[in-house]
Amino acid sequence: MENPLLTAFNNLSPAVPVYFDNITAVPPNTTTEYVRVNITFGITNEPTLTSSVDNARGALVIRVFTEKGRGPARNQELVTTAVNVLETLNDTAKTTTGVFVKVGEINGPSFSATEDSPHFVGRIDTGYVATVLT
Amino acid sequence: MAKNGLFKLLKELDRVAATTVFNGPKAAAERTVRELQQEGPSWSGKFSNSWQIESPLGGVGSSKGDGNVGEPRPIFTPAVTGKQVTKSLLTKDKVVFTVSNFSAYAAEATDLVESAFIRPIGEPFPQTQLGRRKFREGDGGRQQPSYRGYVGGGNPDSESSATADLDWFASYVEGGRLDRAVRIEMDDLFKELQ
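Chains as they are written, first to last, in the numbering used here: chain A, 1 to 134; chain B, 135 to 328.
Worth flagging that the hints you see were computed from the coordinates, not collected in a lab.
Please note: incorrect hints may appear among the correct ones.
Heads up, simulated DMTMM-like pairs for lysine to aspartate or glutamate below, C-alpha to C-alpha not over 20 Å straight-line [as the list claims (entries may be wrong)]:
1) B:LYS268 x A:ASP21
2) B:LYS180 x B:ASP200
3) A:LYS102 x B:ASP313
4) B:LYS268 x B:GLU242
5) A:LYS68 x A:GLU115
6) B:LYS268 x B:GLU293
Using the sequences and the hints given, assemble the complete structure.
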């Protein structure tokens with residue numbers, strides 16, 4: 001999930017930096033646009049009669065930060081980039097090995113802006129299921 | 135069928151109807167609230183005691199926390215009989231219980247919006263045992279404003295902390311634990327009906 005998002009935003013002109021939680025830190029006091037991605041884990045496996053299936057479930061939260069006071073269009077454009085990545089993930093055919101990821105319905109976008117922040121924030125979130133194929 | 139048998143059958147149908155349509159989902163909602171209280175942030179305890187359950191019958195089956203400080207207190211609503219589950223409810227294709235939080239800063243606590251988080255003066259640590267158990271500090275202060283779960287990254291001479299992970303609410307709802315809570319309660323109730 002991380003690589004397709006990073007690639008999609010890097011391919012924009014100009015490229016938009018993507019920060020993954022606990023991997024890269026957002027520069028302090030930045031006023032330019034960027035994206036923050038948080039991947040959380042919920043239930044990690046499902047026991048069956050004879051073994052356990054590695055079926056990680058969790059939530060994927062994507063926040064898009066754009067400059068405040070310039071209208072919502074740019075933020076919506078970047079949110080659409082993220083949504084397209086997630087939809088493409090769901091369109092990917094299942095293989096016989098590796099990890100197969102499906103995301104659920106995408107909630108949002110919801111938009112917010114606080115008085116003291118230089119950014120207008122758009123947010124989408126969805127659940128995902130990642131199955132280890134053997 | 136003998137008269138007593140008919141009476142028992144009607145009583146059983148009443149119990150099954152109430153359980154299936156109402157009491158089962160109600161129990162799932164109560165369990166969900168208990169789990170959300172444990173998953174979510176807890177400093178004074180006001181947020182974790184501000185959950186509420188709204189039932190499709192309005193006042194019947196609805197319950198809310200008191201919004202006061204302290205350790206999380208579970209909320210319970212009395213079970214209902216089949217008669218109380220009105221005919222209009224039984225003919226609906228879905229019965230909706232709504233779980234929500236009525237705290238004034240619920241949006242901040244669930245990481246939906248940014249805010250300026252400042253530690254209360256004289257309270258260097260959470261006031262609840264739950265909060266202290268989950269207390270974590272970041273490197274330095276916060277970038278202000280920020281999301282509740284983003285700690286550190288600010289003034290190195292300051293402090294920042296959190297008592298729940300970033301996006302804990304989205305993780306609970308979409309990461310499988312909500313589904314599991316509903317499944318456990320409905321399975322338990324159906325077993326009782328056997």
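Going through the hints against the structure:
no., hint, in the structure
1, B:LYS268 x A:ASP21, "19 Å, holds"
2, B:LYS180 x B:ASP200, "8 Å, holds"
3, A:LYS102 x B:ASP313, "17 Å, holds"
4, B:LYS268 x B:GLU242, "18 Å, holds"
5, A:LYS68 x A:GLU115, "10 Å, holds"
6, B:LYS268 x B:GLU293, "16 Å, holds"
No hint from the list above goes unmet by this structure.
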